[in-house]
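Trainee: Residue numbers (my numbering), protein chains in the order written: chain A, 1 to 335; chain B, 336 to 881; chain C, 882 to 1487; chain D, 1488 to 1817.
The hints are simulated quantities; they were obtained by calculation from the structure and are not laboratory data. As the structure is a computational prediction, the values presented were derived from the model and not from experiment. One or more of the hints may lead you astray.
[What the hints assert, rightly or not] Derived DSSO-like pairs: lysine-lysine, alpha-carbon spacing no greater than 27 angstroms straight-line: (1) D:1718 to B:580; (2) C:1090 to C:958; (3) A:66 to B:580; (4) C:1304 to D:1718; (5) C:1306 to D:1718; (6) C:1306 to D:1580.
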Amino acid sequence: MLTFAIRRLVLSVPTLLFISFAIFMLLQLAPGDPMAQVPLTVPPEVKERMRQALGLGEPPLVQYGKWLVQMFWIEPQVLWDHWFGTNYSEGKLRVISWQTRSPVMDIVIQRMPQTLWVVGLSYIVGILIALPIGIYSAYRQYSVFDQAGTFVTMIGFSIPPFFTGPLLIVIFSVQLGWFPSIYDTTLVVDSWADFKSQLQQMIMPVMVLALQTTAQISRYMRASMLDNLNQDYVRTARAKGLSEAVVVMVHVLRNSMIPVVTVIALGVPAIFGGAIITENVFKVNGIGQLLITALFANDLPMVMTLTFIFAFLIVMFNLIADILYGVLDPRIRYD
Amino acid sequence: ERGSDGNVSIIYWQAPSIMNPYLSGGTKDIEAASMVIEPLGRYDPTGALVPFLAEEIPTVENGGVSEDLTSITWKIKEGLLWSDGTPFTSADVVFTAEYCMDPEGGCAQLAKYSGVETVEAIDDLTVKVTFSQPTPNPYGPFMGGQSPILQKAQFENCKGAAASSCTEQNFNPIGTGPFMVTEFRPNDVISMEANPNYRDPEKPAFATVNFKGGGDANAAGRAVMETGEFDYAWNLQLAPDVLAKMEEGGMGQPVAAFGTLVERIEMNMTDPSPDLPEGERATVAHPHPFLTDLNVRKALSMAIDRELLVEVGYGQAGRATCNLVPAPALYASDNTECLTQDIEGAKALLEESGWTDTDGDGVRDKDGMKLSLVYQTSTNAVRQDFQALIKDWWSQIGVETELRNVDSSVFFGGDPGSPDTFQKFYADVEMYANNFDGTDPQSYLSMYRCGNEPKPSSQWQGENINRFCDPEYDALLDELARTGELEERGRIAKQLNDMLTKDTYTIVPLVDRGRVSAHSNTLGGVQLNTWDSELWNVADWYRIEQ
Amino acid sequence: MLDHAITRIENLRVEFETKAGTVVGVEDVSFEIGPGETVCVVGESGSGKSVSSLSLMRLIEFGGGDIAGGRLLFDRKEGGEINLADVDQDLMRTIRGNEIGMIFQEPMTALNPVFTVGRQLTEGLRVHRGMDRDAAEARALELLREVRIPEPERRLKQYPHELSGGMRQRVVIAMALACKPRLLIADEPTTALDVTIQAEILALIDRLKRETGTAVMFITHDMAVVAQMADRVVVMFRGNKVEEGTAEEIFENPQHPYTRALLAAVPKLGEMRGKPLPEPMKLLGKDAVTPKPIPGTDEVLLKVRNLTTRFPVKGGFFRRTIANVHAVEDLSFDINKGQTLSLVGESGCGKSTAGRSILRLVEPMSGSIELGGKDIVALNPRDLRTARLDMQMIFQDPFASLNPQMNLSDQVAEPMRNFGTLKGKEMEDRIAMLFDRVELPRSFLRRYPHELSGGQRQRVAIARALALNPKLIIADEAVSALDVSVQAQVVNLMMELQAELGLSFLFISHDMAVVERVSHHVGVMYLGRIVELGPRAAVFEDPQHPYTQALMKAVPIADPRKRKSEKDLNFKPIPSPIHEVGYEPGPSEYDEVTPGHYVLTSDSGY
Amino acid sequence: MACLTRGSVMTDPVPIAALQDKEPSAPPASKWKDVWAQFSKHKGALLGGGFLVFITLAVLVGPWVWPLDPQALDIRNKDLRPIYTALWDGEAKVSWGHPFGTDNLGRDQLAQMIYGGRASMAVGWAAMVLSLLIGTGIGVIAGFFRRLDGPLMRLTDLFLSLPILPLLLVAVTLFRQPLRANFGPEGGMFILIVTVIGITSWMPTARIVRGDILALKEREFILAARSIGTKPFKIISRHLLPNVLSPIMVSATLGLATAIITESALSFLGVGFPSDFPTWGKMLADAVPRMEEFPERVMLPGIAISLTVLGVNYLGDGLRDALDPRIRGR
Ligand SMILES: Nc1ncnc2c1ncn2[C@@H]1O[C@H](COP(=O)(O)OP(=O)(O)OP(=O)(O)O)[C@@H](O)[C@H]1O
Ligand SMILES: Nc1ncnc2c1ncn2[C@@H]1O[C@H](COP(=O)(O)OP(=O)(O)OP(=O)(O)O)[C@@H](O)[C@H]1O
Ligand SMILES: [Mg+2]
Ligand SMILES: [Mg+2]
C-alpha cells in the first residue's frame, strides 16, 4: 500500500507538470488582455507600457519558466519562512496577480475560509441528507418514498443554481427579510449574535449547493445499496438471526459505502474550487468568484495558479480515492 | 461631528482590486482610492474645477497659468497632514509625478502627464509644472480622481519596476482623504475608518466604511433599494423597468447625472471582408464597398428611433443625442435633427442613390452588392436589446444585419492577435460607448485624425476606429490646439463634432448615457458627479435621522 | 422416532410475484426430519430445493417469495411445536441462527467481505446468547477448533478473502453451529469445492451430527454426495416431491421414473472397470442404442513437450517482476487422433493454464507444441490465427462463455465469419446442421443466451467450437457446471461427435467419475506438473503416485454401501506455486511402470 | 439393476420430462421487441420518454404551427403577460396573439420557447453524442490496450482539470472565423459550444467504460472470441461495446442533461450564443432580474429545462433496465 501510494505520488509529478504546461499554453492562446478593463480614455501607448510592465512582452516559454520557479521554489520558501520565521524568500519575486499587484497565494489563502465554510458545509449537508435518502430508497425500492425521493433529487439536479439562487433571495431576503442577500466575508464569529448572523448568511448558499450534492450522492448511494442488498452475505446475516437494522445499517451499509466514499472523495476538489455561479449570486467572494473575476480581467497568473491548484487537488484526490478504496475494502491489495 | 454617524456601507458590483489608481485604470479602483488619496483639485457635478489640496485653481487670470500656456503653478493649502500625522509637502507632489512618469512603472495615468517637461517644487507649498509646448488645458496632472497625490515617504521604494512588489503600499496607501484603509481584501471588501488627521475636524460624519465589491448591478441595486442592507450602490446599469421596480422597495432611491459618455455606432470606412488577406483586412488600402456612400450611412442613422432606445435601455439615465460631444454646454453642438426617426425618408434616400431591391428578397442591392451588415458590440444586456431593435429598423429599410457580440474583455482587450477587438473592427458597424476625461474634448476629437487608425503596422493600436480621414478636419484640429480662448475653442469643437456626426454620419451617436447610482433614504449628502469620482464628496455624507 | 420429528413440512407451496406473473417455486412438498437424522433433498437445478429450505428459515420473503400454503412445523427446545409459516419475523429472528442454522452454497460470497471472521462468528452469539465480547470470542475459537481450521487464533483476525474456499466454508459451518441449533440446513455446501475439500467438509458435518444429535437437512444435486451422507432421501422434481425413502431404497430400488433417470445419468467411479475404451453412457429415455466403445487411432495429433507457463507477479516501486506463478511446469504429453486425454487435479494446479497455453491464449514461456506437425509456439500472430482453425475450446461456465448480447446463430456463425470459410446460404445451412448435430431445435437460432438453460448453452458452445471443423477441442471443465442429467447428455454428445468425426479432446476436469467415463488417457496434475500419466485403466485401477492415490480415495461413490470414513482422508495443504524470480525447479523425471504409464519420480511438492 | 433399467425403457418409452430440453415458453422475440417490452413496464421511463418525444416534436414542428418569428420586435405589445394570468388578474395585459406573453422588447415568448428549445435540445444532443463518442472511445482503448491505459488516464486527469471558460474563449478566438465562414454565425457558435461542452465532459464516461471493459476483458466469452480467431477490432465492436451499452446509456442521459445545463450556465455568464439567438438557458438568465414582476419568464424556460432533464433521467433509468439482458431476462 505504501509503495503504491509513493509510486503514484511520484508519477503524479510529471503528470502535474504536463497539466500545468497544457493549461499555460491554453491560457496563452486565449484572447483577451489584462488591459481590457482600463477605460478607453487611456491611450494605447500607455496601455502598451502597462503591458510591458506586467512582463507580457516576454516569450511564453520564458513566462512559463518563471511561473514554475515562482510556484515551486519561491512560494514554498515563503511558506517555510512564514512557519519558521526564517527569511529565505526575502526579495524574491512571487507569483503576482496582474489585477491586484499582490501575491496570488496570499489572496487564495484569504479566500479559503469563506469558500470552505460555504461550499464545504454545503457538501457535508448534502451528504448528510443524501445518505439516508439513498439508503431508504434502496431498502424500499419502488416504494412511494423511493419514487418521491428520486423525483425530488432529480429536480434538484436539473435546476441550475442561477435560478434557485435569485429565487431564494427574492423569497427570503426581499419578501420575508429573514436572511441577508449579500454575504459578509469580514464577519468574525466571536459571540452568539455573530454566530447567528453567520448562520443566517450561510443558509441560502449552502442550501442551493447542497441540493446538487444531495441529488448526485443519493443516486450513488441508492445504486450501491441495491447492488449489495442482493448479495449472499446479506442472506447469511439474516440467517444468523440479526435484526433488520443491523443487517442493513451494519452489513450492507459498510459494503455500500466503499464506492460512495470514493465518489465523495472525488468531489472534494470541487469544494476548494468553489462554486462559481453560487458564489457570484450570493456575493460570497470565495475562490470561485476569484477565478471568474480573474478570468474576465485576464489576470493570467491568477487564473494559471488557481487552475493549477485545482488540477493538483484533482490528481491528489484521485489518488486518495484509490487509496481509500484499498483501505475500506480489505480485498483490494496494491502491490 | 466626526465619526458620530457610525458605519456606512457601499457596494460596487465590480470589486476594487487595488487602491493605487496609477497601477490600474479601472473606475472601481480609482473611485475606491478616491476616499483615501486626493488630488490637488477636482471637478464638481457641473464640471467646474474646485480646489481640494490646493488653495485655488490656477488660471491665466489669477496668474497660476503662464500667459504662453506652457506652465502652471499650484499653491498647496497650509497645514495639511497625511493620515499618519506627517505634513503634506510639495515634495510629495513632485514625487507623484516622478512615480507615474517612470518609464518602467507601467503607469496607467501616464496620459495625464503627456507633454509635461518638468515638475518642480518651488518651495514647500508650491509646485510648478512646465509643459514642452503651449497647453491650453493644463489640468492634466494632479487634477481629478485619476491623479491623486501619493505620499513620498511611503512609496519611495516603489518606483519603476518595483511598483508591483509594493503590495502593502498599494493596498493601504497613506492619504489625506477622509478615510483610511484598515483592511483591504482584493476583489472583495475594503474596511475603512475615519482619518483622524483629516483637514476638516467635523468630517467625515461616518466612523467606518464597509466597501463591498462583487456580484452584479441587479444585486447591488436590490441591496440598497429593496433590502436596505447597503447605503450606496454604484453604477446601476439596469433596464429602466427593473430599476423602477426596485425603487418600489422603498428603502432607497436612484440618482442620475450626465457626463460625456455617448453610446454610438461607428461606421467602418474600410472593407472588413474576411476574403481579404490578413493584414489588409479593415485597412485603408481597401475602402468599404458601400459604407463609403454617405447616403447609406445617413439612411442607417435616419432609421433609428433614439428616444425609444433610451426608453428601453436607460430610462432616466439616458438622453437621446446626435452629438459625439454632448457636454459641457460650451462644446456641445445644438444638432437635434437625428432625433426623429424617419424610416420613409431613409428608404427614399436609398432609393434615390440607386439602392433598390432587385431580386425581391427584402434586401436592397446595387451592382450585385447587397446592403448586408455585420453589427458587433460587446456582450451586455442593454447593448443586445439595442442590437435587436436597430436590426429590426434596418430590416425595415431593406438592410440585412448580422449581429455579433463579443465578450467585453476580448472586445476592449486590444489584443493584436484577436480578431474580435473593437480596434480591428472586423465588422461593418460596431457599437460601444466612449467619453473623455475632464471637461476638455481636444484630445478626444484628435482621435479621428488621419493616420491615427489602428493598422497592422501599429500593432492595431490607434484611436481612429472608423478610419475617418479628412485633411480639413486635421487642419481644424491643429487650429484648436493653438487656440486658448474658450469661446473660440467651443466653436471649433462644435464644428469638428458636426463633421464627424451630422455632416458625414461616420459616427452615429445614439444615447448620452448618464450614470445611475442609488443611495438609501437615510444617506444624506450624496451629489452624483460624472466628471470625477462618484465618491468625491464622501467626506460630506451623513446619516439622516428618521 | 418420527413422532418426535424436529421439523415437519406439510404441503408447502411457495409463490413468487414476478413481472411475468406468479411463478410457483415449490408446489407441494411434505417431509419431516428427526433428531440426529440426515435427510438429503435432491433434484436438479430449479426444482425448488433452495426455496424449501429458505421457507423454513422464513428468508424467502426477502427474496420476494410468499408462503402460499402449507405448514412448517418446528419443535422448539421449550415451548413445543410451532408453525413457522405464520409466526412473525420478530420471533423468527430468535429462532434463526439460534435453533435453526444454515450453511449456504457459495462459500466465496456467503461471508461479508469487509468484516473479520471473528466479528462475523461472534455476532450471532452476542445476539442470541447475550455473551460479551470476550466470551463470544472464546466460543468462536472453540467453534473454529471444532470445525478443524488450522491456526484458529489467527483466523479470527483475518478477512474472508484471506482464507481458501474450504476454510471459508468451514467458517460458515461454524457460524451455523454457533448456537447449537436443533436443525442444520446445508444448501449445497460442497458444490463449489474440490473433491478433497468436499470430502473433508462432508466428514465434518457427519461427525458434528453424530456428536450433537442435530437434525440435518442436506440439499444437493450430487448423487454421490447423497450416497455418502443420507439417512433418508427426498427427491424433488419441478417443485414437487416425487419420491422419499432411505438411501438404500432410493439407490437400489427407485420407483419414480425421474429418480431412475437421474440415477442412470450419474457416472459412478469404478463403473468402467474392465472396459479399456471409453463409451457413452446409457441414458434413460433416449433411443435404446447400445453404446459403442470409441477406439480412436494411434496417430499422434498433438505433441506437447516441456511446456512451461509462468505468470509474472509485479510489485515494488518500479512495478518490476518480483516473483513468478509457476502455473504450468515442464508438461509433456501426446494426444492421438480421435482420442481423449484428460487432465485432472485440484483447483489451481494449472489445468486451465495448460489448455490455454496450447491455444496460445496465454503465452507459454518455453516448450514446444506441435499440432499435426506444425509448431504452434513459433507461429506469428497471423499464422497463429489460422492455426486456430484446427483447435477450439469449450469453457467451463456456460453463462460466461456466450456473449449475452448476441443471438445464438450469430455466435455460432462468428468463427466462420472470422475466417470467411463459408458465406451466405452455405453458412446458414451449416449453422442449422450444427444445431441439429448438438440436438438444439432450430427455433433457437434467433434466441439469446439468457433464454436457455445451462445445458443448452453448453451445447451452443460446442456447436460454435465445431463450426470450423477443428481437429482438436480443448474442453476446459466443459461439464462441471451442469446438472447430472444434462451433464450426461453433453458428455454423450461429445463422445458421439468423437466417434463420428474423429475429434481429439483435451478434457480438463476435476470430476474423476466423468473422467473415467470419457478418457483414453489420463494425466493427473499437481502444482503445475503431471504426476502420473497413462492409459485410463492403468491410472484409475493402479494409481502409483501417492497424490493420485489420495485423490482417488477422496472421490465419493454414488453407492450408499461404499461410504468412506473420515480416517481415510489425509490431505496436506497445497504449497504456493509462487516463487522468486530466478527460481528454477528441476525437470520432471518419470518412471515408466507399465508401457505408457508414467509416474513422476522427481519432487512434485506433494 | 441392469435388468430393471431395461425394463423401465420398455415400460416407459416416452422420454421422461427431466431429460427433455426445456424450451423457453415465450415465442422467440426479437431483441428490440424484448427491450421494448421491458422498457414499457417502467412507468417513469415511458413518461420521461414521452415527454422528450413531445418536446422534440414541439421544437421541430413548432415553427410551422406557431409561425411567429422569435426575433420580431413588437414594441407596442411589450411586457404582455401569459394568457392564463387573466384567470386571476383581470387587469393583466394579455393577448391571444401572444399566449405566453412577450418580453421587454415585445418578442413573442412562445416563439422564443420553441426556437430556444431547438437550440437547447440541439446543443444537448450534439454535445452528448460528442462526449459519448470521445468518452467511449478513450474508455475502450484504455481498457483494452493495457499499454495505453496509463497515458490515457493521465489525459483524463488533464481534461478534468481544464477550466471550461478559458477553453471556450480560446476556441472562440481560434475557430470562430473559419467556422463562421463555413457554417454561418449561429452554426459556427453552435459547433464551438457543442465541441467545448463535449470535450470537457467525456471524462466520467471514459472512466466508467474503462472499468467495465477491464472487467469484461476477463470474461470467458472474450477469451472464446479470441480462440475462434476474432480480430481485436471485432472483439471491441461485437463483444465489448454491446456489453457496455447500458452504462454508456446512463452516461448519455446524464450527459444530455448536463449539456443543457452547462449551455444555460454559459449563457448566464455571457459567453454563449449570439444575443439574438434564444436558448432556454439564455431566456432564463435574462429573465432573472425581472423575476418578481414576470415570474413566467423564468418559470417557462426553467420548467422546460427541468422537465427535459427529468425526462431524460427517467428515460435513462428505463433504458438501463431494458438493455441489461439480466434484468430483461427475468
Ligand atoms: N426470487 C425469485 N423470484 C422468482 N422466482 C424464483 C425466485 N427464487 C426462486 N425462484 C423460482 O423457484 C424455483 C425453484 O428455485 P430454487 O432456487 O429452489 O431451485 P434449486 O432447486 O435450489 O436449484 P439450484 O440447484 O440451481 O440451486 C425456480 O424455478 C425459480 O425460477
Ligand atoms: N492470468 C493469470 N495471472 C496470474 N496468475 C494466474 C493467471 N491465471 C492463472 N494464474 C495462476 O496460475 C495457477 C494455475 O491456474 P489455473 O487456472 O490454470 O488452475 P486450474 O487448475 O484450472 O484451477 P481451477 O480448477 O480452479 O480452474 C493458479 O495459482 C492461478 O492463481
Ligand atoms: Mg439452490
Ligand atoms: Mg480452471
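Trainee: Each hint needs a verdict: does it hold in this structure or not?
Mentor: Against the structure, the hints:
Our distance criterion of 27 angstroms between C-alpha atoms is broken by residue 1718 of chain D and residue 580 of chain B, whose separation comes to about 70 angstroms. For the given pair, residue 1090 of chain C sits about 17 angstroms from residue 958 of chain C by alpha-carbon distance, which is consistent with the 27 angstroms threshold. Taking the CA atoms of residue 66 of chain A and residue 580 of chain B, the gap is near 52 angstroms; set against the 27 angstroms cutoff, the hint is violated. Between residue 1304 of chain C and residue 1718 of chain D, the direct Cα distance comes to roughly 18 angstroms. Compliance with the 27 angstroms bound is thereby established for this hinted pair.
The suggested pairing of residue 1306 of chain C with residue 1718 of chain D holds, with an alpha-carbon distance near 24 angstroms, which does not exceed 27 angstroms. Using a Cα cut-off of 27 angstroms, the hinted pair residue 1306 of chain C and residue 1580 of chain D is violated, with the two alpha carbons roughly 73 angstroms apart.
Violated hints for the displayed structure, listed by number in ascending order: 1, 3, 6.
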